[in-house]
Structures are given as C-alpha cells and as structure tokens.
Amino acid sequence: MIYELKMEEDAGTTVNNLLRSMLKDGKIDALVAMQETPTGKSAFPTMVSDPDKLHTNVFAPLLPVSIGTVVSHMTKVQGTKKPLAVVLRACELRALLELAKIKQADLDNLILIGVDCLGTFPMKTYSDFDGDPTEVLLKGEGEEYLRTACLNCKDPVPENADIVIGVYGADEGLFLDARTEKGEGILSDMNLDETEDVEVREQAVSDVRGKKDETRKEFMEEHADILGVDKLLEFFDTCVNCHNCMKACPICYCKECLFESSVFDLEANKYMAKAKSKGAFKTPTDSLLFHVTRFNHMILSCVECGLCEQACPSDIPLMDIITSIAENAQREFEYEPGKDPEEEMPMVVYREDEFQDVGEG
Amino acid sequence: MSENDKTKEDFEPKVVGFLCNWCSYAGADLAGTSRIQYPPNIRVIRVMCSGSVDSVYVNRALIEGADAVLIGGCHPGDCHYLNGNYKARRKMVLMKNILTTLGMEPERVWLRWISASEGQKFADTVKEIVEETKKLGPNPMKERWNI
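These protein sequence lines map, in sequence, to chains A and B. Going by my numbering, the first sequence opens with residue 1, and the numbers climb by one from there. Going by my numbering, the second sequence opens with residue 362, and the numbers climb by one from there.
Only chain A is shown next, with the shape it has when bound in the complex (with noise of 0.2 Å):
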C-alpha cells in the first residue's frame, strides 16, 4: 500500500519526523541513515538509537561508502537481534542483497527502508558545494553534478525494499509505499493517509526508469571503442596498482584478496628471465591481469554504484568500462544482482543443459 507523508518544512525534516516516532514507539531499535558530519561538509552512515541525536539526511547526494557494506560488517558476525531500520538508496540495497546471499550479511530483524536516488555528487563536489546540494537536487536541479555512475543508474528506484521513501511523482509531500507484510505492519498505525496518486507514482517511476536505461545505452555506445590490448592498456595507463577501486566495492568481499597476497611475488631470477624473454616490463606487474580478473570475480554481482571510481586516486573513469562489462555479462545469465534474493548466484549453480556449444568443438 501507498501512503501519503505529508510534508512539514522540507523533505529531510519530514523523514525525521518519521524515524524519530519509529524510535520513540519502539518499533525500532536503532537505526543506521546517512547523517551529515557537524561541518556540514560530508555524510556518512550513522547508527542512531536515541531520538534527540537523530538528525538524518537521507536524501544527501554523497556515497562516502555503501550502506551496503556497513551492514554487512554490523551483521555478519552475528545477526541482530532486535528491529534495526537500515535507509539506504537502490544501489546499496542491492548491495546489500547480493552480500546477503554470500552469508556476508544477515537480513534478519533489519528493516530496509530504500529511498528513491536523485543521484549523488563525487565527495570533493559535495564538500565544496556553494549552497545546499541537497536542496538543489531535490529541487530537480544539479545533474551536471553528478557521478558518471549515478547519471546512468540502472534503477534508482529501491526494489525489494520493506518500505520505500518515494520522491519520484510526489508534488507535495512523499510516497510511503509499504513492499512487504514488514513495511506494512509498521506504517499500517501510524496514522498515515492513503495516497490517491498511486497511478502518479508509477507512472513517474517507470518515466525515470525508462529515462535512465536510455542515457545508460547511449553512455555505453559513447564508450564501446575500449576494445582492445592497445585501448585497454591507454585506459588503465595510470593505474598504480593501490587496489581502492577492490578496497570500495561493496562486492569484493574477500578477507584476503589473492591480489593483497605475496602469490605475485617471485624469485628474482624469474623477473630476470621475464626481461630477458620481453626486453623490457612494467612494474608493479600484474596490474591489467588485476582489473581483468576483478571483473570476473565480481562482475556478476556488480551493482554498478561507482564506488571503485570514485575510490581511484588516477581517476581513471572506470564506470566507461564496467557499465558495459556489467551489462554483457548478466546479460549472458539473465541475471540481475540484488533484484530477487532468492535468487542464486549464477557462478553458484549450474544447468546440465546449457551452453551446450562451449566446450564441444
């Protein structure tokens, strides 16, 4: 059901409001939301049980980190025990899903209350944004601000989440639309209205839906000619090998990256008998074979939020390959992380019946 939250001051005042009286009634516990930091200059995720510290901004353009990941390393130990509300935008729930599904996060007892994306800004933007960033994009505003990522979001609209918090097709006030019996049994006493524009919202989110797959394709044609040995090494010419884009990326989950390991490290006599045989090579080795295989590792569950760019110190435009790559790959198995939880992995399973052509000759 869609309700109607009707708007008091702005929009984060609203959602304060919100998720202080779920604290105050006790339907949560605690709850974890992007809270700005006292200069105003960042947001991070903020784990909030008293109502008077709660100040959130769950609609800061700013990814300083995936929610994703912090709830995987708040509950991967040990679940919680009691109601946690987690607000986190379409990117991070999917995040979030996909490390549910490798026993890297544990769903139970959390709440997820997904907010519609309006995008958000490279930290460095954000920090020294003249004015309220916030406010401009909710405005509608600021897009030539916007992370390549989140320009050709594949969905920034939450699914699967237990409540949404609807920005998309909301005139005045938001949509509370309750996904699932949980989102349903909290919102259902709060004294909410029914919303009557529930053809309005649907209609504004397949409008963004349909929107962002276009820009998406013509972002991706824009980039198809990194193809190539010669292309690709130009792309990652300035790649020191630092391994942040693996460090960010809510998927590499790993505790010990076979990259971080000393597997690479040989004796010297090896190196020697490489320049011998090359005449020459590039150190630190293995930096092409690094990106290569970090997309076959993760590539499957990659939910495309961008984080490995903006964790590049080169800044390398990862996203102009990995869109594409992302794309291709689950394409090939139909797959699309963080869309259905009870969805396996595609590298978990297998079909005696399929591809059938690769391996007969």
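Worth flagging that the hints you see were computed from the coordinates, not collected in a lab. Incorrect hints may appear among the rest.
[Stated by the list, open to error] Below, a list of computed lysine-lysine pairs in the BS3-like style, where the Cα atoms sit at most 25 Å apart:
(1) Lys278/A / Lys495/B
(2) Lys231/A / Lys488/B
(3) Lys41/A / Lys139/A
(4) Lys488/B / Lys217/A
We have chain A already, so just place chain B on it with the hints.
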C-alpha cells in the same frame, strides 16, 4: 632469430593447457603411451578439476603472452567431483564474455571435454588449437612491455 621476429605464418604458438587429473590429463597420457603424434606446442599443467581453474590463471597466461589456453575436463556428467565441469563451463562463458567486451580475443581460450580413453581426441584437439591459433597470429600482449 628470436621468437618475436617470426612472421604470422611460421610462428609456433605456445599453448598452456590446464588438464583435469581424472580425465583430460589421463587422456593426454594415453596419447603419449599410444604414441599418437600431436604438435609439441602445448605445455600441460595438471589440475585436480577443470572447475578449479580460476579466471586468474587463464588471464595471467594470456597477459604473459600465451597464444592460446586450453582447459580440459571430464565429459558433462562424468566429473569426478560430480559437477566441477559444469561450473568450469559457466566460468568459461563468463571469461569469454568479459574478454569479448574488452576486445581481448576470446577465441584464444578453449574448453574441451576429453575423457581418459580419448587419447586421439586430445591429439586432435591440440592440432586444432595450434592450427586455429596460427591463423590468429601471435598474441599481441606478448609484445607489450607496459602490460
């Protein structure tokens, strides 16, 4: 003449083969003991299962300049570990898909089912890979010092 100076026609491809212990490796062994002739271009690495061949091994072989990579496993349904070869097949599909998107010559990577009794099939497979790879020419990654 160093290997790098050879032209497309007369170059001898280097093929890295990951063969599963239970079928393909035994198949290669049989080819040897049966004295079946096949090109000496393949360098065999024995692995316990085709399903254990991670993309990192294949990609490293390619990036370090192998002209082709073969993964050999038991026929579907015959895997010693029941389903490793089905998983190898999925990994191969993903690997080739990514290599295609990146324009990195997916046709250099091969997956073949070769049983322990198929010495001839192993020899034929190596022959086929060498012929096809000669048509492709040397792996360009061999030449790149900045890779």
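Hints, one by one, checked against the model:
1. Lys278/A / Lys495/B: Distance of about 20 Å is within 25 Å: holds.
2. Lys231/A / Lys488/B: Outside the cut-off at roughly 32 Å; violated.
3. Lys41/A / Lys139/A: 20 Å, holds
4. Lys488/B / Lys217/A: With Cα atoms ~42 Å apart, Lys488/B and Lys217/A exceed 25 Å; violated.
Violated hints, listed in ascending order, are 2 and 4; each of the other numbered hints is respected by the structure.
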